[in-house]
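S.K.: What follows is each chain in one-letter form.
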Amino acid sequence: QDAQPGGTLRILGTEDLDHFDPTSAALVTTNNFLRAVSRQLISYEASTDETVRITPKGDLATEVPQPTDDGLTYTFKLRQGAQWNAPSGARQITSADLERGFKRMCNPALGSAALTYYSSLVAGMAEFCDGFSKVEPTVEAMKAYIEGNDIIGIETPDDETVVIKLTQRAGDFIYMLSLATSAPAPIEVLDYLPDGPDYRSNFIASGPYTPGAYTPDSSLQLVRNPAWTADSDPLRKAYVDQIDITFGLTVDAIMQQLQSGDGDMTYDVTIPPAILSMLTAQGDEKLMTVSSGNTNFIFINTVSGNNNGALKDLKVRQALNYAVDKAAIVQQMGGPSIAKPVNGIFGLGVLGYHEFDLYPSPDAKGDPEKAKALLAEAGFPNGITLKMPFRNKGNEPAVAQTIQASMAKAGITLELTPVAPADYYSKFMTNPVNTQEGTWDIAPVGWTPDWAGGSARSVFQPQFSYDGTHQTYNYTDYNNDKANELGQQAINATTPEEVGALWAQVDELVMADAPVVPLIANLIVLYHGAAVQNFQPYSIGVQGDWTNVWLQQ
Amino acid sequence: MAVLEARHLSVDIPTEDGVIHAVRDVSFALEAGELFGIAGESGSGKSVLTQAILGLLPNAIVTGDVLFEGRNLLGLKPAELQSIRGSRIGMIFQDPMSSLHPYYTVGSQITEMIHAHEKVEKTVARRRAIDLLARVGISEADRRFDSFPHQFSGGMRQRVMIAMALILNPPLVIADEPTTALDVTVQAQIVALLDEMRRERGTTVVMITHDLGLLSSIADHVMVMYAGRRMELGPSSALFAAPAHPYTAGLLASSPANYEAGAELVPIPGRPPSLLDTPKGCVFAPRCASALPRCTTEAPPLRVFSDGLQSLCWLEGPPADAAASVAGIAKAPAADEIVVKVEGVRLTYGGGSLFNPGAGFEVLKGIDLELHRGETLGLVGESGCGKSTFARVLAGLIPMTHGKVSLLGRDLGSLDGRAWQAMRREVQLVFQNPFGALNPRRRVGAIIGDPYRIHSLASGTERKREVQRLMELVGLNPEHYNRFPAEFSGGQRQRIGIARALALNPSLIIYDEPVSALDVSIQAQVLNLMRSLQRDLDLTYLFISHDLAVVRHVCDRIAVMQAGQIVELADAETLYRAPQHPYTRTLLAASVTTPPRHPAAGRTLVSSNVVEVA
Amino acid sequence: MSTQAAIPVIQRGSLALTLRRLGRDPAIIAALVFIVLVVLFALSAPWISALTGHSAIEQYRDTGLSEMGLPVAPNAEFLFGTDHLGRDVLVRLAYGAQVSLTVGVLAAVVAALIGITVGMVAGYFGGWVDTVLSRAMDLVMSVPFLLCALALVSVFGPSLSLSIGVIVFFSWTTMGRVIRGQMMSLRRQEFVEASRSLGAGPLSIMFIDILPNLSVPIIVYTTMMIPGSIVFEATLSFLGMGIVPPAPSWGGMLADAAGNSLYLVASWLVLIPGLALLFTTLAFNILGDGLRDALDPRGRPVRRKPK
Amino acid sequence: MIRYLLGRVAFGALILLTLSMFVFFLFFVAPGDPARMVAGDKATETQLIQIRTNLGLDRPIHEQYLSFLGKAVTGDLGFSYRNQQPVAKLIFNRLPATLSLVVGGVLVWLAVGIPIGIMSARHPGAVRDRLGQGFILIGLSFPTFVLGMMSLYLFYFLPRQSGFMLFPAGGFKPFLPNPAIWAWHLILPWTTLALTTAAVYARLTRGQMLEVMGEDYIRTARAKGLSERKVVWKHGMRATLTPLATQLGADIALLLGGAIVIEQVYGLQGVGALAVQAVANQDRPIIIGVVLLGGLFIVVANIIVDIAYVLLDPRVR
Ligand SMILES: Nc1ncnc2c1ncn2[C@@H]1O[C@H](COP(=O)(O)OP(=O)(O)OP(=O)(O)O)[C@@H](O)[C@H]1O
Ligand SMILES: Nc1ncnc2c1ncn2[C@@H]1O[C@H](COP(=O)(O)OP(=O)(O)OP(=O)(O)O)[C@@H](O)[C@H]1O
Ligand SMILES: [Mg+2]
Ligand SMILES: [Mg+2]
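Chains as they are written, first to last, in the working numbering: chain C, 1 to 553; chain H, 1001 to 1614; chain G, 2001 to 2307; chain U, 3001 to 3317.
If we strip away everything but chain C, and leave its shape as in the complex, we get (with noise of 0.2 angstroms):
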């Protein structure tokens, strides 16, 4: 059948975006937005063939290149017709809107979320942006900075040409380029405060789309872009004429709005297993599952001195590990169709993940006497009583009791505590005070890799390396020298078996210091109401491509 243009998608959230500024932007739902509202340098084909998913594709750029000087240069032609939606009118996207983009992302006030990954590749990136850290948190010094100072690695010799120069060698780089976090800044924007209200209401779009209404919280309108042009697209075909996307309903309320077909497609929603089982059995071809590379797991703080400082104990932390049943948890999730118990940092279709367990149990279904014996060795013969919060929300809350039931079986009592959702990341386990005073003892927290394929670096990098500096998502500053050191041989490396050797072998460092006890691995289970056609995963996203669905009328 054919693609019928125009109509409006709808589009049911629980949450609202997070963040308008390709540049901050960190949660996976909002790239969603940012593929139709900009363009970056690399993307993907939205596509249910998974090897097509995840293969890049250039975007601005009008081809892939492939790297010269050892791999350490990148040289990128800007693709002719790709424009901004400027206030004085179109205007084609440049280079220097390309390195503007990456200067941004060292913003201090609020820069990128993922800068490590580019400040630590990209030649003059890291000084550019020690240089930024010491300027005034003001609109004007840090549009003076930016517009003062170069990154060395980053070249512009015409207006349509890039060259990136790195470090180091990096076979996922061009995977990077891919994330929003690096796409182009027109100059524009240098005249608002990263994200606030004024940048947000002068938005300057170069997707199909452009913000149109919007109440925060409730609602989003995304109109089309007069800037854009189809030709200059080869992703986005861009069918559909309007986009609404509604926040703020319960996930109850999005599935039956589906259903019922006052929605289309869903923004945020994990389908509850109860749907999921329901739409199973009757066999519903909406129903669709993607891989993510996402993990659960638990989160031990390493750093509070509660309990005398247990959590410091490898005993104690292994002894967790021990404890858990993680079969609990994958039917908890809705059965082995949907989730797979894990024993290492690397979720499933991350290049390093590999079968193995450290603290080995029948069917995984923990070993409480083996965790019993362990706290009794490390000074806990009664047990423990550790701090679990938790977000109240979705599948959480059944989660937690989940895991609370099995480690009560070992003699660990868990205090849980309901958390918002949108307070757990950036309010509470993000803010290292809160971890060194032991707000928390250990928490369920989930990762889902930055980008698609040969994305270990994005798994590991965050959240269990630590260069001296605290990261985001790094908790309790973990860190494993050795670890680190393999990773940067992985990160170096080029042939695929090169790399998944090195990163197994990370992953099994980790975790024999065990900083956290693996739950399982997700797959998305994607649904979507029955007007929607050509669904179509994109891979960043994990969502049908907003850009690439249609309509049937």
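Hints are supplied without guarantee of correctness; some may be wrong.
[What the hints assert, rightly or not] List time: in silico DSS-like cross-link candidates among lysine-lysine, alpha-carbon distance up to 27 angstroms:
no.: 1; chain 1: H; residue 1: K1077; chain 2: U; residue 2: K3230
no.: 2; chain 1: U; residue 1: K3234; chain 2: H; residue 2: K1119
no.: 3; chain 1: U; residue 1: K3234; chain 2: H; residue 2: K1077
no.: 4; chain 1: C; residue 1: K286; chain 2: U; residue 2: K3173
no.: 5; chain 1: U; residue 1: K3089; chain 2: U; residue 2: K3173
no.: 6; chain 1: H; residue 1: K1122; chain 2: U; residue 2: K3230
Think of the hints as simulated: they come from the structure by calculation, not from any bench.
Fit chains H, G and U with the ligands to the known structure of chain C by using the hints.
M.R.: Then chains H, G and U with the ligands, alone, in the frame of chain C:
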């Protein structure tokens, strides 16, 4: 031809406690243009009877026939009945305060009646209503048409009710105690108005009342009811002069108006029966002074006498005239000792409050009084003139605004809290409402024992002994110590109130209308008790009432109060014979009393037949 | 008048009559029986737990959950089925009954006590005391209570005692107003005047004279406040502001069922606690209604004596 | 009358003032650092201090309150911590859904409750009365969210399982382009919200009607020869109206509570949902704003009821 004829009418009302036989086998007929009176004590079925006729008792089971203009009202369809209500039979109800809809203007309530039965222009209806309102004595009827009922006084509302009943000129008007709720002076006006209307329009009127005096002066025929039965029926003159039924005779004998001042009243003993069960014999037999043995076992026959009287009784001759035979009781003259001295007492309600400073309402406007030990001072006056307020001031329940009250020579204003507490023992109150004055949730023993409890005078068995002594004193069965007030009749409750007042041997007992809520037969019992207690215990009474006959009967001196002032104060007899103040004269003129009884000359029994009571 | 015939007198409000009125209505009997059963059920929670061999918080993943993690319907092992974590709904229902009843009764009683005190004081003393207290009641009644309850809970963190406190805070005014109104009219009654004229003090009047006369509204309204409190607690739990998991409460169980659209495939998760909640509040409401009718016949369709 | 009204308005203002103090100080004692909520993850200490100064958090509490109050009077309720949007605007955006729900709910419950109450009162003790009373008791006993869930199950899920769409599962559709769709989406929420409260009204109407029908003036009306219909609907109803109107004012608080739950169950994006979300996010300016709005709503409703009362009851005029 009879306008309305009831034949063997019975009304049964099913309730939770069983079926109430409110009306039993009542027959009567009304001649056109006459005023037919229905008398009887409270609960005798007067209202039920009339309301049943018009089908206003939805739950009641009505049997018998009611013929009106040739149709049997009881068999009519609702729509037919509706067309008769109002247009052919007008109704005036007892309580003008609650019988008008509070949310509609009086005018619209009258015109509604017109529109319900006739097709007329709005303006025409309005004109008619205004005319009639003016006729019934509403001044500025034009303007008052749009007033709401609450803006009218009780008397005016009753006039509105009358206008409403008469607006369609119905051949029959039923007035159910149209004046009971009103002051004597207003009462007289209303009765006169009804009478005038009747004469003018030739309307037949049924007038229900328990005021025998009133009936004797205006009714053509009278029916006396007791416990749902028609006890006696006949021409008013014959009935009042020489009642054939002992109940009628007893009623007349209970009324203080028929006595010399100070004479012992002859009450009807006991109290009305329950309507739940039907006795085999005569319902009145247990209280009847002339009861024969057969009275309790056989239903009485209907005796028809030559002068038109019909009586439901075994007695063939006239019942004994108890009142005539009783002599006055000597009473010790009042001593000179002054118990209470009231000087220039003034009281203003609501004045000087935070929200409306200055806007006070002066109720008492300078009262001077003295009470001597052993005397009874009567206080009469219209409703709202401040009688109760004065009583409350004396009892120390509300502080007066100005003036001085000294009790036993001590100025109440100068007392401190403790002395006040002691002083409270000296003045006691007995209230009008036998229901409200006793705490329904406490046992009689506890209620009468309260003075001992509050003043810590006696406790335990001692208190109980005292209480039982008091109960005996006022004629209550001491064994009823543990009963609740609801288990006593109105008269008994007043006795409880009196017993409580006596407990502390007060110097002064204030009776605030102690008998006005009681039926005549019961009223006499209580009045006798009061008098005998006074005689035995040398008590001083302040007796408040609006019933001049009662006041005259029990009081040594009478004070007439009007609008917060005492306008006349004199010996009872002096005041009666030679009222000085015009207001006193109005009061006296307004109260009607039954004519004296005289033996029925030439009355013979015409027929007598036993009626089967279904 | 000792010769007086013993005439049966109508004793409104006497115990026997009340019981007769109550006993005549099968609905009231059923409600009472149901309440007794629920109380027994709540009390026997540990015993039910022992009998089934299931604890309220333990998860029976092998027998109580399908492979996909879905709860199992009522069966021989789990009479009322299991919930989304494989826990025994029957046992949880029993422990949840404890919470619901405790909260309901405790909150209603405490709120009633406060309401009675405030209402009596305001109604008896009148004047500025009444103005202040009535305005305070108006104030509390003008508060969007569920919103404020949510705000309070969000500040102090959910807990059972806070739930009770919040319920009490927002429900005592009902009783307060009723009692104040009654007090206002009672205080004008002549029997109060009579006591005052005897020299009785305010306390004596309030407690000895008036309080017994308030027993009807007190009993009736306290009874009627119980279901309100139970629902209030359940609503708080439903909005995630009730007691902290895994402790069971009926509202929480319903919230669990609703939370993941679970009830659409496992309808017993709504039906069982939902009906338990419904029937319990219904029973209390029927009882309250019945008590009111029996104790205070004014509200009944008994014809008034025309007077 | 004017004085009376002014008095009511003044008291309403006093209530709002007290309420604002209550929530403001409540959140002042609450743990948590608003500055950190505003600043986000990586805020440095200097940034935090800067934000505290901007928000005025470093000033004494009473000053903060006064400045809050000063702005609140002009309709400025501050900015959301979470997305720095004006609270007034956030709330305003949510009003259509809540108002649709509430107004429709009120209409439904009056339309259901009052007739049932009258029917019940007109035949006391009869089968119809029993049914009416049954409705009242069940309605009173149903927790809103249970009723909501059950109706969703019965009227949305089951029909959909069997392949047709009786009612949608909720979601708010704006009134304008298509009122029919708007109404269709709101039918279940309306009935859910209305049924529980309709019971209150049915009960009140019934009790009031029973009482009124025993009044003397009703007997007068009958004695006038009015038809029974007129007696009930004109004379009876007129006297029943006043207490009903009074109750309506008192129920606004109840209504807001119900709206919160209903919005949650049916996924309506109203003020209630905003409040729940704000509570979850600890977004205090929004919570304060919503509570004040709720208070304002109640106060205004009460003033309207007071006026209605005066208009309805000639005795207090
Ligand atoms: N609707 C009713 N339901 C039950 N009992 C009733 C009803 N109306 C009247 N009664 C009873 O019927 C009896 C007669 O009442 P009725 O009102 O006719 O007395 P009455 O003679 O008019 O008395 P009163 O002088 O007090 O008006 C009383 O015992 C009364 O309690
Ligand atoms: N507490 C009060 N506040 C204001 N006014 C009052 C109060 N009590 C009585 N009044 C008014 O004072 C006046 C006198 O009342 P009071 O009760 O003394 O009259 P009364 O002569 O006893 O009348 P009745 O014969 O009806 O009992 C009346 O107009 C009454 O409305
Ligand atoms: Mg009568
Ligand atoms: Mg008086």
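S.K.: Next pair to validate is K3234(U) with K1119(H); report whether the Cα-Cα distance is within 27 angstroms.
M.R.: Within the cut-off at roughly 19 angstroms; holds.
S.K.: Verify the proposed pairing of K3234(U) with K1077(H), using a straight-line Cα cut of 27 angstroms.
M.R.: It holds: about 22 angstroms lies between the C-alpha atoms, which stays within 27 angstroms.
S.K.: Run the distance test for K1077(H) versus K3230(U): straight-line Cα separation, threshold 27 angstroms.
M.R.: holds, 17 angstroms
S.K.: Between K286(C) and K3173(U), is the straight-line Cα distance small enough, at 27 angstroms or below?
M.R.: holds, 25 angstroms
S.K.: Starting from K1122(H), check that the Cα of K3230(U) is at most 27 angstroms away, please.
M.R.: The hint holds at about 18 angstroms.
S.K.: For a C-alpha distance cap of 27 angstroms, please report whether K3089(U) and K3173(U) respect it.
M.R.: holds, 19 angstroms
In the structure shown, no violation is registered for any of the earlier numbered hints.
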